[in-house]
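Those protein sequences? They're chains A and B, same order as listed. Just so it is clear: in the first sequence, position 148 is 148 by the working numbering, and no numbers are missing. Heads up, the working numbering is the position in the second sequence plus 364, with the first residue counted as 1.
Just so you know, nobody snuck in bad clues.
To give an idea of the chain B side of the interface with chain A (calculated C-beta under 8 angstroms), a few residues:
| no. | residue |
| --- | --- |
| 1 | G534 |
| 2 | G785 |
| 3 | E791 |
Keep in mind the hints are simulated off the structure, nothing from the lab. We treat Cβ as the ideally placed atom computed from N, Cα and C, and that holds for glycine.
Residues per chain, in single letters:
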Amino acid sequence: MNDLSEQLRERVLAAAVDKQPLRIRGGGTKDFYGNPPEGELLETAGHAGIVAYEPTELVVTVRAGTRLAELEAALAEQGQMLAFEPPHFGGGERKSQPPHFGDATVGGCVAAGLSGPRRATAGAARDYVLGVKLLSGSGEILNFGGQVMKNVAGYDVSRLVTGAMGTLGLLLEVSLKVLPKPHAEATLRLELPQDKAIEAMNRWGGQPLPLSATCWNDGLLSVRLSGARAAVAAARERIGGEAVAGAEGFWRALREQQMDFFSGETALWRLSLPSKAAPLDLPGSPLIEWGGAQRWLKSDAPAAAMLREAAARAGGHATLFRGGDKSMGVFQPLPEPLLQIHRKLKRTFDPQGLFNPGRLYSGF
Amino acid sequence: MGASEEHRQLSEAEIARLIGGLRRILAADALLVEQEDLLPYECDGLTAYRQLPLLVALPTTEAQVVAVLKLCHELRVPLVARGAGTGLSGGATPVAHGVVLSLAKFMRILDIDPQSRTARVQPGVRNLAISEAVAPYGLYYAPDPSSQIACTIGGNVAENSGGVHCLKYGLTVHNVLRLRVALIDGTVVEVGTEALDSPGYDLLALMIGSEGMLGIVLEATVRLTPKPLLAQVVMASFDDVVKAGNAVADIIAAGIIPAGLEMMDKPATRAVEDYVHAGYDLSAEAILLAESDGTPEEVAEEIAAMCAVLEQSGATDIRVSRDEAERLKFWAGRKAAFPAVGRITPDYLCMDGTIPRKHLAQVLTRIAELAEEYQLRCANVFHAGDGNLHPLIMFDANKEGEVERATAYGGKILELSVQVGGTITGEHGVGIEKVGQMCAQFSKEELAAFHGVKAAFDERGLLNPGKAVPTPRRCSEYRLTGAAK
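Use the sequences and the hints to build the structure in full.
Have a look at this one:
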């Protein structure tokens, strides 16, 4: 396993001299996400390897180019996992064209900041990032956070760069909190219309139940329970519905967006809303996750502005996740004072604007 | 910026303009300028540092806060936000020639939404008051710092406060969804949303733990957690702290994340037992408290599993709380550890390093050696689950040289935490207390990045100047005086 920090640093220093923007890329599995990538390709996948893993400390430190699948396998050997269940994406194992399913890197996972089905109850990628080693736009190697669970020394830059789409620097290393895998898991399925499903998910969310994922689509609500055996058994009684055996594949397909719902060329929107928001009056049938807080919509019909306004009215925001017309930007526009702060933060970590220009918002 | 503003003295005319402006903004009783009125504000929970501010402003409305900020920004007057003043690192220590902005009057819980399990509160609402208000819905606010009876949510946001249950339930940053914040120029922004995320950089996470240096919290939406049906605690004794430390690792290796996992060494246990009579084993070198919560079935399963592990790990005595009263009694000792130590010594310093747990034995041994070197006593309480160590250094400020020795001893402990791969502060913040040790933990370039973050929000460096992030000059001095060795 290789430490390419020096080579990467030299590339960045050279780019700084030439004022050459760089497009940071791990496995390329999330190239579709965000605004179109620009700049000279800078690949990080060679900078790989698990630097330190202490199962009983619940912390793992990895180089950013490490394959996510490799990290997950190492954790699974110790009965542990990344609790935020990050999606890998990539073409899917059946397809022969790269990027492949197994190409996703830990750096890309943290830079994109995406979380999977467990997010509503276990927390997001940013909740599990404990520290980062970051290569700045000036070629400085900076350490923020650390390898311990509790750390309030300095501003929380580790979480700031999580989900920043690589615009604040090149991730060299990441330290993540890991958790034991649940002792037991069960999936239940109930027939419910959308409004009743949203109501039920919120009601259960307020009770001490070991929920670990929910998914509603087309009149069917799937509920995953994870935890101590006794807790899962007791919760099955409370929730009712029909037990589904062998549901791991279902939840994996949801996490990786390999379900039929996600296929096809129609634009895919992600609406992030307060969990109890009533069904939005928008064309197309949604797929709902995270207890109601994440709603996917496949639709070319509505104008971006209309979707964004609907999401904002409900207290959330909308992202053009896949496909569609990206010319208006894929992320919900920011109010001017926040945009100014973004620009200043960008200048602090990447004064020449080398990294992934425009990938998050146009102009930086 | 920063350092230069920090010590700038206002002219008589500027002070007159400031006070005149504030009188127009605030009610007569909401502006304190007389020395006797300022005295209660001269320090926070870190009483070793005291400084009278120029004045204290106690606004009651958002418009007043905004107006005070605009005025201070225009006149370039430094400003320190303050909640209940329970902080332990001097984050709310006033600046001479500066304003203390007290948010104590913002005490309203604005909205409780049991369906989406959130509460919208003003910054001066006490941590425990949230849990009390939402209890009828079977919910509570999970972070529970020991000062939770008094500390406010605004202060919790500033310090990213934890508590004894954060291994399982997270810190403040994991339990706040949205903040309404006033920037130094009076602009009001919202970071985070009532959804689970927001577009752009995670400014919500950046704001949490920023020690009042980036903005003033006007309102917070917090996430509420369903109250577990049952909680039970195991108390285990060990004849050796190393064995106790290993037992913690063994519990986690067994795939258990206890709701609370705390350790106390013998001096701490002694101090506590004399004070609250919690029934602790006084012969033990260390005792461990491990809590399980959830459904009765789940708790029974987990408690049995933990007892088996503890026995395997060499516990000399294991007791399981039989009822809620006994559970609270077992915890009472741990929760009273600070005041208990306060009873047996005129003064104490509470340190707050976090270490990778595997180095616990080495760190505790070194802390004991240093105690001899500095001729001071030290008791240790430990959030064992997440490696957050609170050595309590006992001293007598009235004895010649003891303050200096205690401070130097504490500094060594923090440097030791950094050396073993940990941090100088797990949950109390850097404040004024550990600003020197920041130079031991971060490089010049990293500190420059922090100053850049600060400037992105507060270019003139007016919010809480001199705290949390040292200037390069300060670090040169720190290194010169040999504190970092």
